[in-house]
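With the hints as extra help, turn the sequences into a complete structure.
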Amino acid sequence: MKRLGVVLLGLVFFFSLAHQGMAAENKLTVSPEKIEVGLGFKGSILNISGSVPDNAGVYIKVSSPNDSILNLSKKGKVSLFWMNVENTSVAKVPKLYQVLSSRPVSDLSEDLQNELGIDKNFSAVYQAVKVSKHSESGSVNLDESQSKEFISSLVTIFKKAGLYGLNESTVQVKDGNFKASLQLPANIPQEKCNVTVYFIKGGKVIGTSNESFNVETVGIVKWLNDQAIYDGPSYGFMSVMIALIVGAAIAYLFIFLESRKNPDITKEMLMNTKGGH
Amino acid sequence: MMDIFLPIARMPISIFAILGMGGMVGLLSGLFGVGGGFLLTPLLMWMGIPPAVAVASDTNQIVAASVSGTIAHSRNKNVDFKLGFIILVGSLIGGSFGTALVKILQSLGNFEFVLKSTYVVMLLGVGVFMFIESINSLRKKGQKDLGTPKESGAMRLMNKLPIKMHFEVSGIDCSVISLFLLGLLIGILAALMGVGGGFIMLPVMIYLLGMPTIKAVGTSVFVIIFTAINVTMAQSTLNHTVDVVLAIVLLIGSSIGAQFGAKLGKKLPAEQLRVIFSVIVLAVMIKMLLSLVVAPSALISIGGGH
Chain W
1 MKRLGVVLLG LVFFFSLAHQ GMAAENKLTV SPEKIEVGLG FKGSILNISG
51 SVPDNAGVYI KVSSPNDSIL NLSKKGKVSL FWMNVENTSV AKVPKLYQVL
101 SSRPVSDLSE DLQNELGIDK NFSAVYQAVK VSKHSESGSV NLDESQSKEF
151 ISSLVTIFKK AGLYGLNEST VQVKDGNFKA SLQLPANIPQ EKCNVTVYFI
201 KGGKVIGTSN ESFNVETVGI VKWLNDQAIY DGPSYGFMSV MIALIVGAAI
251 AYLFIFLESR KNPDITKEML MNTKGGH
Chain Z
1001 MMDIFLPIAR MPISIFAILG MGGMVGLLSG LFGVGGGFLL TPLLMWMGIP
1051 PAVAVASDTN QIVAASVSGT IAHSRNKNVD FKLGFIILVG SLIGGSFGTA
1101 LVKILQSLGN FEFVLKSTYV VMLLGVGVFM FIESINSLRK KGQKDLGTPK
1151 ESGAMRLMNK LPIKMHFEVS GIDCSVISLF LLGLLIGILA ALMGVGGGFI
1201 MLPVMIYLLG MPTIKAVGTS VFVIIFTAIN VTMAQSTLNH TVDVVLAIVL
1251 LIGSSIGAQF GAKLGKKLPA EQLRVIFSVI VLAVMIKMLL SLVVAPSALI
1301 SIGGGH
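Protein sequence lines correspond, in order, to chains W and Z. Quick note: the first sequence, position 57, residue 57 per my numbering, numbers continuous. Quick note: the second sequence, position 107, residue 1107 per my numbering, numbers continuous.
Some hints could be false.
Unchecked claim - In the DSS-like style, the derived pairs of lysine-lysine whose C-alpha atoms are separated by at most 30 Å in a straight line are: (1) Lys133/W with Lys1077/Z; (2) Lys130/W with Lys1103/Z; (3) Lys1116/Z with Lys74/W; (4) Lys74/W with Lys148/W; (5) Lys1103/Z with Lys77/W; (6) Lys1116/Z with Lys75/W; (7) Lys34/W with Lys179/W; (8) Lys1077/Z with Lys261/W.
To be verified - Some chain W residues judged to face chain Z by a derived CB distance under 7 Å, without partners named: (9) Ser132; (10) Ala248; (11) Ala251.
Unchecked claim - A few chain W positions that, by computed beta-carbon distances, are all more than 10 Å from chain Z: (12) Asn47; (13) Ser51; (14) Lys61; (15) Asn71; (16) Lys74; (17) Lys75; (18) Gln113; (19) Asn114; (20) Ser123; (21) Ser139; (22) Glu168; (23) Asn214.
I should point out that these hints are in silico values taken from the structure, not numbers from a laboratory. Please read these numbers as outputs of a predicted model, since none were measured by experiment. All C-beta atoms in this analysis are idealised placements derived from N, C-alpha and C, irrespective of residue type, glycine included.
Given below as structure tokens:
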């Protein structure tokens, strides 16, 4: 019985040491772990750091889950005028897709780029996204060649917004450790985002690390968001009441200010206001 | 620059830029009795706010600007509440008809083309007519200015309709039925064109009802309070696109602007007011025409559709 206990303790000790060793090898720190979106939010800087095994190249992918559905419209010329000629829904879109690396992406073979989703053209997005066209008979799925135009426009829009990007040679490697900073724009999706780090040597992946960070609305921003989505009528009523009260308050403030400037007409003005109603 | 994060638009924006825009639009609202959405919505979109959020939040701020404008105009006895109320009832019913009509027209296809070309033609017609009429009035020196154009054929036709009523504030006698029908027409057109109705209401009140220009402005701004409330509620319930933080910053600016607009309107002669209004109508028409004729910078955009 005693022997069995010693063996079990030994095993536990061994596995905990082994686990620590593995963790140390691919240690990854993402800071901040939680990004809070409040009224003063202007975007955030994400710091990623860790250790590099065997002097490998570091390739980092920062992405949000591909669960967004967006509506895109296409303009075309109808006789003389430019009109919306096609409306589509684009599903399974990640709203955030940033790649950072210590070495050029072109160092990786094309197959590896496709496998990891790390390339200049964001081809992983093209593979995941589904585009459907709105028509009178319902929704019709577009084939790969027809979808390409819409996905490419979406990628361009997200690139301009700072949500998509390829940042080569922005990961600094020194003394077996790496560090990188990524500027996240204010319109970052409010969900759990992933950071995946690939360590690549000799054209092969010799290690990976994963970590995540949360983007959450807080305070009044959270409350208003929830109200607007889950209780539209009350939110609308509140918005209307605010507008009525502020509009009237400012009008009466002007009456008050004018009456102070010219006390003689105070009585007349107030009588007119009451008379009007 | 002081920035604030907009919860529904999901982006930060400069408070001072939005206050300034609101002030400018409020000035137009107080001056002409229009909502000003035609100007503010594109400006907000230009600042990066999603189109659906820009339209809905703009409608919310119009509620405040028109309340502020109505109080300012009522001080000068320029709001005909009785007449405005009858038009309002018609326009709310017309708005529901118009919304249903939009759905039918959409199913027929090519709706947008018909809609936009009609809008351009209508703005051109109203703008040119008002411009020529008010310039002619300005030229006729020595004649007594009543601020009202002469009686038209349509006015005579409407006066023949039954249930006549005297409207003390506007100083006109008019059939309740004709007012209701005009309200209905304004409501249908506003729903079809996706606009607040001020653009249609002001010329209708001046030229078809024969109301003095400044009374038409005051009464129009009063009616717009309710149409804007109606649309804000619909946008919040169906589309969830009203950004109340954006609307609050805008409406502080627009309510102040509306006060100055109403003051300025009191000082300007009626003909000059009509000339400026017609120039704005024509400018909106040209802007709309250009957006239809000039090739867009990007053919595909987010959030389009109906």
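A quick look at each hint next to the structure:
{"no.": "1", "hint": "Lys133/W with Lys1077/Z", "verdict": "violated, 55 Å"}
{"no.": "2", "hint": "Lys130/W with Lys1103/Z", "verdict": "holds, 28 Å"}
{"no.": "3", "hint": "Lys1116/Z with Lys74/W", "verdict": "holds, 17 Å"}
{"no.": "4", "hint": "Lys74/W with Lys148/W", "verdict": "holds, 13 Å"}
{"no.": "5", "hint": "Lys1103/Z with Lys77/W", "verdict": "holds, 23 Å"}
{"no.": "6", "hint": "Lys1116/Z with Lys75/W", "verdict": "holds, 14 Å"}
{"no.": "7", "hint": "Lys34/W with Lys179/W", "verdict": "holds, 19 Å"}
{"no.": "8", "hint": "Lys1077/Z with Lys261/W", "verdict": "holds, 21 Å"}
{"no.": "9", "hint": "Ser132", "verdict": "violated, 13 Å"}
{"no.": "10", "hint": "Ala248", "verdict": "holds, 5 Å"}
{"no.": "11", "hint": "Ala251", "verdict": "holds, 4 Å"}
{"no.": "12", "hint": "Asn47", "verdict": "holds, 21 Å"}
{"no.": "13", "hint": "Ser51", "verdict": "holds, 36 Å"}
{"no.": "14", "hint": "Lys61", "verdict": "holds, 23 Å"}
{"no.": "15", "hint": "Asn71", "verdict": "violated, 6 Å"}
{"no.": "16", "hint": "Lys74", "verdict": "violated, 5 Å"}
{"no.": "17", "hint": "Lys75", "verdict": "violated, 5 Å"}
{"no.": "18", "hint": "Gln113", "verdict": "holds, 26 Å"}
{"no.": "19", "hint": "Asn114", "verdict": "holds, 25 Å"}
{"no.": "20", "hint": "Ser123", "verdict": "holds, 19 Å"}
{"no.": "21", "hint": "Ser139", "verdict": "holds, 13 Å"}
{"no.": "22", "hint": "Glu168", "verdict": "holds, 26 Å"}
{"no.": "23", "hint": "Asn214", "verdict": "holds, 16 Å"}
The earlier numbered hints that this structure contradicts are 1, 9, 15, 16 and 17.
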